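Colleague: Residues per chain, in single letters:
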Amino acid sequence: MKFFIIISNFADRVNSAVGYLTSWITTLLVVVVSYDVFTRYVLKNSSVAVQELEWHLFALIFLLGAGYTLKLDNHVRVDVLYSRFTPKAKALVNLVGSLVFLLPFCVLVIKTSVPFIINSYHFHEVSPDPGGLPNRWMLKSVISIGFGLLFLQGLALASRSLLTLAGSRQEDNNG
Amino acid sequence: APNVHAKTKTYKWKMVTTWPPHFPVLGEGADDLAKWITEMSDGRLKVSVYGAGELVPAMQAFDAVSQGMVEMGHASSYYWAGKSPATQFFSAVPFGMNAQQLNSWIYQGGGQALWDELYAQFNLKPFLSGNTGVQMGGWFNKEIKSLDDIKGLKMRIPGLGGKVIAKAGGTVVLSAGGEVYTNLERGVIDATEWVGPYHDYKMGFYKVAKFYYYPGWHEAGSSTELFVNKSKFESLPADLKAIVESACARANISMLTHFESQNNKYLQKLVNEHHVKLKKFPDDVIEKFRTLSAEVIGEIVEKDPMSKKVYESYSAFKKDITQWAKLSEATFYDMNK
Amino acid sequence: MAEMMPLLLFITLFAMLMFGFPVAFTLGGVSLIFGYFTFGMDFFNLLPLRIWGVMTNYVMIAVPLFVFMGVMLEKSGLAEELLETMALLFGRVRGGLAISVVVVGALLAASTGIVGATVVTMGLLSLPTMIKRGYSPEVATGTICSAGTLGQIIPPSIVLVLLGSILGVSIGDMFMGAVLPGFMLVGLYFIWIMTVALFRPKAAPAMPAEELAGFTGWAMIARLLRAFLPPFALILCVLGSIFKGIASPTEAAAVGAFGATFLTAVQGKFKYKTLLAVMKETTALTSMVFTILVGATAFGLVFRGMDGDVYLRELIVGSNLSPYTFLAVVMLVVFIAGFFIDFIEITFIIVPVVAPIFQHMGIDLLWIGILLAMNLQTSFLTPPFGFALFFLKGVAPSNVTTAHIYKGIIPFIIIQLVALTIVILFPEMVTWLPGVMTAN
Ligand code: NA
Ligand code: NA
Chain A
65 MKFFIIISNF ADRVNSAVGY LTSWITTLLV VVVSYDVFTR YVLKNSSVAV QELEWHLFAL
125 IFLLGAGYTL KLDNHVRVDV LYSRFTPKAK ALVNLVGSLV FLLPFCVLVI KTSVPFIINS
185 YHFHEVSPDP GGLPNRWMLK SVISIGFGLL FLQGLALASR SLLTLAGSRQ EDNNG
Chain B
15 APNVHAKTKT YKWKMVTTWP PHFPVLGEGA DDLAKWITEM SDGRLKVSVY GAGELVPAMQ
75 AFDAVSQGMV EMGHASSYYW AGKSPATQFF SAVPFGMNAQ QLNSWIYQGG GQALWDELYA
135 QFNLKPFLSG NTGVQMGGWF NKEIKSLDDI KGLKMRIPGL GGKVIAKAGG TVVLSAGGEV
195 YTNLERGVID ATEWVGPYHD YKMGFYKVAK FYYYPGWHEA GSSTELFVNK SKFESLPADL
255 KAIVESACAR ANISMLTHFE SQNNKYLQKL VNEHHVKLKK FPDDVIEKFR TLSAEVIGEI
315 VEKDPMSKKV YESYSAFKKD ITQWAKLSEA TFYDMNK
Chain C
505 MAEMMPLLLF ITLFAMLMFG FPVAFTLGGV SLIFGYFTFG MDFFNLLPLR IWGVMTNYVM
565 IAVPLFVFMG VMLEKSGLAE ELLETMALLF GRVRGGLAIS VVVVGALLAA STGIVGATVV
625 TMGLLSLPTM IKRGYSPEVA TGTICSAGTL GQIIPPSIVL VLLGSILGVS IGDMFMGAVL
685 PGFMLVGLYF IWIMTVALFR PKAAPAMPAE ELAGFTGWAM IARLLRAFLP PFALILCVLG
745 SIFKGIASPT EAAAVGAFGA TFLTAVQGKF KYKTLLAVMK ETTALTSMVF TILVGATAFG
805 LVFRGMDGDV YLRELIVGSN LSPYTFLAVV MLVVFIAGFF IDFIEITFII VPVVAPIFQH
865 MGIDLLWIGI LLAMNLQTSF LTPPFGFALF FLKGVAPSNV TTAHIYKGII PFIIIQLVAL
925 TIVILFPEMV TWLPGVMTAN
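Quick note, the sequences are listed as chains A, B and C, same order.
For the first sequence, this note's numbering gives the first residue as 65, with consecutive numbering after it.
For the second sequence, this note's numbering gives the first residue as 15, with consecutive numbering after it.
For the third sequence, this note's numbering gives the first residue as 505, with consecutive numbering after it.
Every clue listed holds true.
One side only, chain C facing chain A, incomplete, derived with CB under 10 Å: (1) Gly524; (2) Pro526; (3) Phe529; (4) Thr530; (5) Gly532; (6) Ile537; (7) Trp556; (8) Pro568; (9) Met792.
It is worth saying that the hints were derived from the structure and are not from the lab.
Just so you know, these numbers come straight off a predicted model, no measurement behind them.
Even for Gly, the Cβ is constructed at its ideal location relative to N, Cα and C.
Isolated chain A (complex conformation) (with noise of 0.2 Å):
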């Protein structure tokens, strides 16, 4: 029991401080887009690399935040059932859909994305226009580190269904 406690809480943590980190992103963004419109509007030039960092941080918002918005039970249900359920009902759905669903899904993103990476790794990929970002290998683990924060994330959901399940826990606070 004790262990399915200090992984929840060990996800918990992770999870708030990348969160924390991911969201910053978001402003940045802003602040990134806002400096290409005034750079092509003001200054009449505009960089390649700006564009592409775009985009880099808009997939850095989603794949990094994607574990983070697990934790806050952000993540979309069809709760025309689900909102009628007791609490030890609602913790056997989460548990047997993570077993079955979620962890397995991000361990098959996980496994399938490393050749991906590895060998953009190789080939020193980089972006095919001109002036672009490097080392494209680099927004492409995040991919693996996304799913990874989502695994652990899916490993504290299934843990605190079971300890609600086993009776020992009754307010489940992310279900």
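Dock chains B and C with the ligands against chain A, hints included.
Modeller: Frame of chain A; chains B and C with the ligands shown alone:
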């Protein structure tokens, strides 16, 4: 020794492309190629085509074939400049060779061997599979009277051409294919390059742009390619390999003649029915573009040994064939007014 | 048996979604299980390439930026004041608030063309106010979802561009052809809202008379100047700059986000706590939207891997019918497919196959394109898999349930079908405007 088993074995292969499904001419070129391979092999090598986004996004075709997830890809090799800058010489570089010259280099002038060497690193085997012919310079809403008009010009022009425009003081805007029309209409961009009259007519750019500039200094004849996963290609029996190669040669001439036979009809339509203003880039602008193009290519060649190797062969061949072309074809065009 | 697999996939997904485990992961997990048992693991190596496609789709950068603007206006209280003032302005009319939501939705739709951005922003800005003003959750959510999907039909729109390029119809003609059907939809939404207001006044109430009484003369002008004008001007600037071609949707959205922050600061409401809340919510909402798209891309891959596209095509082509019956079959298949599959997948699977057949039958492909676009717009609204419904659920207050959203959308789906029928009966709705424009 002939392998009886291999002869009777049938293959079901997938071809991913960088074109939207059944995209005019280019996507149709991929469809034709797949059909011909299937027909010529009497169904022993059955190829089905997937447009951009159907299996993988357009720009992921290279990885998908390289890693063997699918067997074939249909694209233009300059899309893979991020994998290796040398790829660009096998489709188009600014002030490069036209279709006839590029074909001569690749088929007879040592180009194919270099291309094979370059793509072998990625476990790919490339073939020419089409050509657009000489392209147009693009659609403009600002008149280009001198180099000053390039300054601050917001243009969608990818690749090396874009680098040249940026060096000339223009602003290169990245814009997804589907957004180009809207961005041009609304003035988010002042100009875009595309292909040539036949293809551009189908995109409807004449509705949102005033001037149609020529020549396509940045793409004098862009080729398309078929790349096959090398291990899978080598596992084919000899006759099927030959069929793939022959079908590509047919596709190459078929796409080029498709464009060439239609371009003028559509150019006249654009000018006479839709009152597009046809303009030639001023001489000093072209001159500047030429200087900057040499700079841009010089920078690539300096940094990347493989690009240097390819460029040496490319430029030597170009110099040689241009000498002959000036004497033969240029004179012929002048004579045949 | 193999033919049954795609059908089984849909049924399983439908059933699994009903348990209430997050949509994104149910999509991913169901896809993994089906893929594993039908074609094994190798095919899944294509998955990261498709995810990379979601990451590099830079049209979508507008989503977090619009969300940022919306959340900032919401958290600073500016949105509420804006909507409240609008409600007072239109408050004399029952349903006035809902009508102003449709108007703003249509404007936002026309300028961004991105369903995720429109629904999320509209949901943030207007849903709490509508509920507070006594609108039934069904009417409120139905209005926001359908107004939010107008971006798919009112040009410019990604659907129209995609359809135009596959059908070989000029994108300009597609845009022109969609204008009248788009306006007709807006009109039909108005009529429906006014009907509800007339027959079920409690579901779409007017402002109480005593509140309206205080809203006259200098008091009204003062409030308009203070609460209404700044955010209204901001939104107008954002939309105006997109229309006038000063900026692309992404750029305008960034300026909007920047402007919303600026307004908040000017009104003395900017605190570190507010900024942090805005950033966190923007992160969570963006992640919610795109994790669903990642799940959907896995689902699309598996659907193709089991040749679902082939069976769907055979279903249509094999029917071998007269032009109008063929049209009906195609529309029905697209409508039903829209319950389960993403509009891009539908476009890619069905359109390339049916386009040459329609052309052969001598049917105007422009008209077909607009009919398909309207049908695909509807697919954003149809449960269980309507993206607009998910996106709104993601921002809705906790007392608004999926059941409210599902119930609320039904009348609007019927409106969509009515509009579709009108355009089928009167092709001039589509062909007239492009004809006039070409003549000039
Ligand atoms: Na071009
Ligand atoms: Na749907």
